[in-house]
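2 protein chains.
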Amino acid sequence: MLSKKTKYGLKALTFLAKVKDREPIQIAEIAKHENISQKFLESILLTLRRNGFLGSKKGKGGGYYLIKEPEDILMTTVMRVLEGPIAMVPCVSLNFYEKCDDCPDEEGCSVHKLMLQVRDSALEVYRNNTLADLL
Amino acid sequence: MLSKKTKYGLKALTFLAKVKDREPIQIAEIAKHENISQKFLESILLTLRRNGFLGSKKGKGGGYYLIKEPEDILMTTVMRVLEGPIAMVPCVSLNFYEKCDDCPDEEGCSVHKLMLQVRDSALEVYRNNTLADLL
DNA sequence: TTTTACCCTATAGTTTTAGTAGATTATCTA
DNA sequence: TAGATAATCTACTAAAACTATAGGGTAAAA
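First to last, the protein sequences are chains A and B. Going by our numbering, the first residue of the first sequence is number 100, and it counts up by one from there. Going by our numbering, the first residue of the second sequence is number 100, and it counts up by one from there.
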């Protein structure tokens, strides 16, 4: 299942991508427009800022704004930041690899075999989609 | 993330698919061979039996055995039984569809758009793999 | 001094991953 | 045929992890 964190994060990004002249939008406004718990959204926007997608401005007239062009925001990056590994199993993860402790033979593992294909197919989708494609 | 339930279930299925003449294998043996908690595996095998993948036999010489040919066991079915919906969001699920309560416009939703592609790509993988392909 | 993002903590709820205890059924043996 | 044994079956419980959200205070910008 996609976490609400990711869902909300994606919605916030697409919302901000539509804003004219990238002027700052307040958390409250995004939350209201997208039906998101404001406090939850707060933490999501924070991680999006820390990971280089958004900029922020404090005080009156402040808020969040996109600091990249939507065309340059790949879904692979967004998903990894918000949702974590794209692979469904650590032993087939490119960026978060970990050996299964219960599995002696990775090459002979049926789960490994299947999940490798699933990872590749998901990866292809995410690589072929930028934020601009979702608008 | 893939649940351990699914992971163990897949491992058990591939293990049983390799058994000569489909003779019954005890839970304990599968659990030991695949490093799985026996009691947990017990409940997994039960749902696999209830869903028509396995047969069981009680008493001495009893155990579980495959009742279909591995070539006839599609991963779509297995995944839906063990893991649940293949879609990451209910609003793009074929078998478990549900409307998002926070989302007024499904067609205009960026998450919907993206997850539809992810679902289709995953579905293609699962459709192209039977249990036999994992051996 | 108001407005906004920032930061930390707590918590209710849910899901996952088991573990415990015993009932039930089939087979084997005396 | 009776009883012992071997296995699945069932239900309940529980610990742990994760998710989603709320509260309250701090810092910075206007």
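Quick caveat, the hints were computed from the structure, so don't treat them as lab data. Heads up, some of the hints might be wrong.
Same chains, same label: a pair holds when it works inside one copy or across any pair of copies.
Unchecked claim - Derived pair list, reagent style DSSO-like, types lysine-lysine, alpha-carbon separation capped at 27 Å:
| id | residue 1 | residue 2 |
| --- | --- | --- |
| 1 | Lys212 | Lys157 |
| 2 | Lys212 | Lys159 |
| 3 | Lys156 | Lys212 |
| 4 | Lys156 | Lys198 |
| 5 | Lys198 | Lys167 |
| 6 | Lys119 | Lys198 |
| 7 | Lys117 | Lys212 |
| 8 | Lys157 | Lys198 |
| 9 | Lys159 | Lys198 |
| 10 | Lys104 | Lys167 |
| 11 | Lys131 | Lys198 |
| 12 | Lys119 | Lys212 |
| 13 | Lys104 | Lys212 |
### Message
For each hint given before, does the structure comply? Return the numbers of the non-compliant ones in rising order.
### Response
Of the numbered hints given earlier, those the structure breaks are 1, 2, 3, 4, 5, 6, 8 and 9, listed in rising order.
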